[in-house]
Amino acid sequence: MNMIRLTDVNKKFGTVNALCNINLEVNEGEVVTIIGPSGSGKSTLLRSINQLEKIDCGKIEIEGEAVVSIDEKGKHEHINKKQILRLNKKLGMVFQHFNLFPHKTVLENIVEAPVIVNREKKEEAVERALKLLEKVGLTDKKDSYPSHISGGQKQRVAIARALGMKPDVLLCDEPTSALDPELVGEVLSTLKKLAENRMTMLVVTHEMAFAKEISDRLIFMDEGRILADGTPEEVLNDPDHPRIREFVSKFI
Amino acid sequence: MEYIIATTGYILSGCGLTLKLCAVTILGSVPLSILFALGRVSGPKLLDKSLGIYAWIFRGTPLLLQLFFIYYGLSIFGISLKPFTAAGLTFIINYTAYMMEIFRSGIQSIDKGQYEASKALNMSYWQTMRRIILPQALKRTLPPSCNEAITLVKDTALVIVIGMGDLLRSAKEVFTRDFRITPFVIAALIYLIMTSGVIGLFRKLEKKLEVYD
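Going down the list, the protein sequences come from chains U and Y.
Just so we're aligned: 210 in the numbering used here is position 210 of the first sequence, and the numbers increase by one with no gaps anywhere.
Every number in the numbering used here is 1000 more than the matching position in the second sequence, counting from 1.
Misleading hints may appear alongside valid ones.
Pair by pair, the computed Cβ-Cβ distance ranges are [stated by the list, open to error]:
1. U/123 <-> Y/1039: 34 to 42 Å
2. Y/1083 <-> U/124: 52 to 60 Å
3. Y/1197 <-> U/54: 49 to 57 Å
4. Y/1013 <-> U/140: 54 to 62 Å
5. U/80 <-> Y/1199: 48 to 56 Å
6. Y/1144 <-> U/72: 48 to 56 Å
7. Y/1046 <-> U/140: 51 to 59 Å
8. U/39 <-> Y/1197: 53 to 61 Å
9. U/80 <-> Y/1047: 20 to 28 Å
10. U/39 <-> Y/1046: 33 to 41 Å
Derived by calculation from the structure, the hints in this document are not laboratory data.
Just so you know, even glycine gets a beta-carbon here, dropped at the ideal spot from N, CA and C.
Turn these sequences into a full structure, and let the hints steer you where they fit.
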């Protein structure tokens, strides 16, 4: 099944093209990684999918239904709020800077949205949260506050928090970029486990080895455009794009 | 000694009004100022502008003048308020102007990532504010709020000018009668005890919320 589809999506920040005619599909169970130089629009692309960024024009669909659709003249197609909320609930997001709620414990961070947004029973939400914590290996930290755990642990909690809403797709915006090098591994292995369990994921990252290892598809972006979209081997060895070779060479 | 006890007793009888006025002001202005702060931060521009003008007027003129205006001034237009009503109203309007700005600064100091995380978890505006932003913002505004609470305790003495009997007025009465400095010393001590109580309360709150730092 087609989980996410972007059609002719455009966005400008002032005069800068952040996204330029983006067409992209992510299928169920697929792990898609986006790489590219800073300022190439990778994060903007990811953030526009769950509407943290407003696009100027184009269409974004989640599981075949539109969440936003704007024609070239800037005219919005009306989509009711309930539908947008229902579709957005299929997306989970992991941020570069974790964005955990500092005034809530690790467990409370995970339980918060299921109880408040989805009106789940507290006991059930807690039970599920504990299972998620076990999955990310942080059961012993359940009563800690975010300020008392390491960056890698924070990001694993953030992953558990996103999974707490039972998303169909996990969006990860540079999940390891804010971490000390020795903490990157634990987060990547958590994500890898998810990938192995066929979680649909769209990941923006600078970790080339990781991207190569877990991705079904690799996307290379530059100046708001998708320059290449294919298997990691195809993209990384693509002789047609000097920009890609130049970029990749910096990582070897 | 007996004189001191008797005088203290008399002055303390004025204390009730002071405390009542403080309570009314806090109960009125805390929720109002949170609401107004939210209005300034996330409401339409016109609302933000209007609240800005409100803060400009009530922070920019003396509380004493505002008290005169509402108690005596309004009676010219046929609106005559009881002294306590006038005092309560004035204090609420005045303190809300200050507290609104304090809470606004608190709300605006919260990282934008907190809003994004809430949105990504599909929390509504009110859920985000109530559960995520305000608890953090209010904690950060405890120190300046403590300042306001201390000032409030002392500002209540102004109600003397509209003929109300608070603790300072009782002290002044005893002074006029006996021409001794003791009643003022006692009044000062009572104020110190009350403000110490306020400081202690805020310190406790801060300590309690420190757990997540």
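Original post:
So which of the earlier hints does this model not fit?
Top reply: none
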